[in-house]
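Asks: Spelled out, the chains give:
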Amino acid sequence: MKNEAQQTFLSEAGQAPGAGRRSPLAAFLICLPMMILTFMMLFGRQRPVGAVQDIAFAATFVFFNLMFFLMVYRQRTERYRAVLFIVYAVAFVISFISQIVELRGTMALTQANILRAEAPFCHIAIPMTLIPAALNKTLVFPASIAGGSHSAAAMFIIWIGASLALGRGFCGWGCFFGGLEDGFSRIFKRPLLKLTGGLWRYLPYAVLLVIVLTAATSLSPTYCMWLCPFKAVTEYVQVTSFTTLIQMIIFISLFAGLVVILPVLTKRRTQCALFCPFGAFQSFTNKVSGCGIRADKDKCVKCGLCARSCPTFSIDAESIEAGGSRLTCLKCGKCVDLCPKGALSYHVKGAAPAAKSDVQRLLFVYPAFLFLATMGGAMVRDALFRIVKLVATGHMIG
Amino acid sequence: MEAFLLGLSNGGVCLAYCAPVLVPCMIAEGGGAAASVGVLLRFLCGRLAGYMIFGAAAWAVSASLLRGGYRTPVFGAAYMVFAVTLVLYGFFGIGGRCGVSCGPASLLARLPGALRLSFLAPVAAGLATGLSLCPPFLLAMAGAAEKGSLSYSLFFFFMFFLGASVFLVPAPLLGALRVYPALKTVGRLAAGLMGVYYFFTGLLMLAGGMKGL
Chain F
1143 MKNEAQQTFL SEAGQAPGAG RRSPLAAFLI CLPMMILTFM MLFGRQRPVG
1193 AVQDIAFAAT FVFFNLMFFL MVYRQRTERY RAVLFIVYAV AFVISFISQI
1243 VELRGTMALT QANILRAEAP FCHIAIPMTL IPAALNKTLV FPASIAGGSH
1293 SAAAMFIIWI GASLALGRGF CGWGCFFGGL EDGFSRIFKR PLLKLTGGLW
1343 RYLPYAVLLV IVLTAATSLS PTYCMWLCPF KAVTEYVQVT SFTTLIQMII
1393 FISLFAGLVV ILPVLTKRRT QCALFCPFGA FQSFTNKVSG CGIRADKDKC
1443 VKCGLCARSC PTFSIDAESI EAGGSRLTCL KCGKCVDLCP KGALSYHVKG
1493 AAPAAKSDVQ RLLFVYPAFL FLATMGGAMV RDALFRIVKL VATGHMIG
Chain U
76 MEAFLLGLSN GGVCLAYCAP VLVPCMIAEG GGAAASVGVL LRFLCGRLAG
126 YMIFGAAAWA VSASLLRGGY RTPVFGAAYM VFAVTLVLYG FFGIGGRCGV
176 SCGPASLLAR LPGALRLSFL APVAAGLATG LSLCPPFLLA MAGAAEKGSL
226 SYSLFFFFMF FLGASVFLVP APLLGALRVY PALKTVGRLA AGLMGVYYFF
276 TGLLMLAGGM KGL
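These protein sequence lines map, in sequence, to chains F and U.
Residue numbering for the first sequence is 1143 to 1540, as defined by our numbering.
Residue numbering for the second sequence is 76 to 288, as defined by our numbering.
Derived from the structure by calculation, the hints contain no laboratory data.
Computed from a predicted model, the values in this text were never measured in an experiment.
Cβ coordinates follow ideal geometry from the N, Cα and C atoms, glycine included.
Check before you lean on any hint, since a few could be wrong.
With beta-carbon atoms standing in for the labels, derived distance ranges [claimed, not checked]:
#, chain 1, residue 1, chain 2, residue 2, range
1, U, A124, F, G1492, 56 to 62 Å
2, F, K1279, U, A109, 34 to 40 Å
3, U, A124, F, F1330, 51 to 57 Å
Here chain F stands alone, though its shape is the one from the complex (with noise of 0.2 Å):
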């Protein structure tokens, strides 16, 4: 017991056996190519006007290509991820409500917003779009088709780009929502409840079944009016009737169980693990993804840390015994940074198992935290904007 604590301690110690670092010139010439991306991604897409915005885009761009070249120098993906991750969540309640706030006046989506079809697309509407977009060639999504960053066919060109390359790594390192709930299941140290996922892991799957064909059969994205949990934290429907309200209430509820307080008392994605349909969805893309976490059976010494720690009970005995995690795996990284055996680590497809470990990492790291920049970088630059707006002038809209 004690030697597995103190193995624990220093796996999150970030000593772990097999943890070794980079020199810093490699490092530095590693991440080069990136901080050229990120330049160019968060300098072209808005160039900064006035001296508040050159202060939030210089220290956007230093905070993003910081994380990253902990990543390559340190080789450790997690914790690194995780600040990036939670960053940008919060970074896109910030800048998104403002947002809409400015557009609308309110946060409320009112009837006039759905008819002209004026809510952004969001990815998790995904599944339920493809069978009534097959048959009836109808986007059940108050959304544009076409045209600017925030209309459904943006959405679906990221999103296949994305699960082409990284599988349910989407949900690990793009989804703006993510990071919400993996804040949250960082606030203790330990575990108040045990979780350990049970039959319930099957549940995003149910719930993805009943959406696509409640979807496909009334024609209207039912997961949206009725189960988002992060509805709570972006736009609602206005309330307007008994109805409204009851939705208001689930949304409210479904957020502050999944996406707060069981990640605090248990230290995992509730939400991703056990209620997301869009996750259920995108685990099938895992299969033709080319990175996933490979485990060697003959170094796994069968501690457990692993599965104890996976935060949507991806990997197990049962897994490891197959060969990696199961494909509910966001390759988060937190298994292969904790592993005190350094049995567990990034794999991609076709290459020998004696390959480089790190090299493999960093295959699927540099397109993860590229797409992850993509995603947040703009939002993180905004939000640091009107933070900054709020502290100097009490306000952060207009």
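With chain F's structure known, arrange chain U on it following the hints.
Replies: Same frame as chain F, now just chain U:
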């Protein structure tokens, strides 16, 4: 023939109403195509029962026995009862004695075969969908209400049922999915979720109907 054609022409809509409940039930049973036929037959029996209730109600309305005000809360309460069956089946019947919840599951396992939830759930699902107030149904109800006798009204709905059921015939092919054992659990959970949906629908109907009395 008029009722049969009405059912046939609206079968697509009926399929749309049925699929979210029927598909999870079939997947949950995890049998092959033959077993899925059994599920479909039970579902259709429940659906036929729902239609017959509707036929009787249509006649009763025309005979001024069941005036409109009572219809909504009665159907709302019926929805809630069937929904509870689906919820029990979905969330408490999983995995036999050591499923999601051992207590209710072990109690339910002691019931005789014909009363087991796995047997009754498709019937309840069929009843719940059979009692839906979808547009084709209201059309059929109006048609049946015009008929003078109870037997004619029931026959009208029976023919409507036959026409509407044609679209469900290919459903047992879903039995091919039994090669994926996990789908059984997924199907049951999905049936439970649909139960929650029907319970909520019934609650709204009951509350709305009571308010209107």
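Asks: It remains to establish, for every hint, whether it holds in the given structure.
Replies: For each hint, the structure was consulted:
Restraint check, A124 (chain U) to G1492 (chain F): a C-beta distance of roughly 57 Å satisfies the suggested window 56 to 62 Å. Checked against the given bound of 34 to 40 Å, the beta carbons of K1279 (chain F) and A109 (chain U), roughly 37 Å apart, stay inside it. A hinted range of 51 to 57 Å for the beta carbons of A124 (chain U) and F1330 (chain F) is consistent with their spacing of about 53 Å.
This entry satisfies every hint, going by the numbered hints stated previously.
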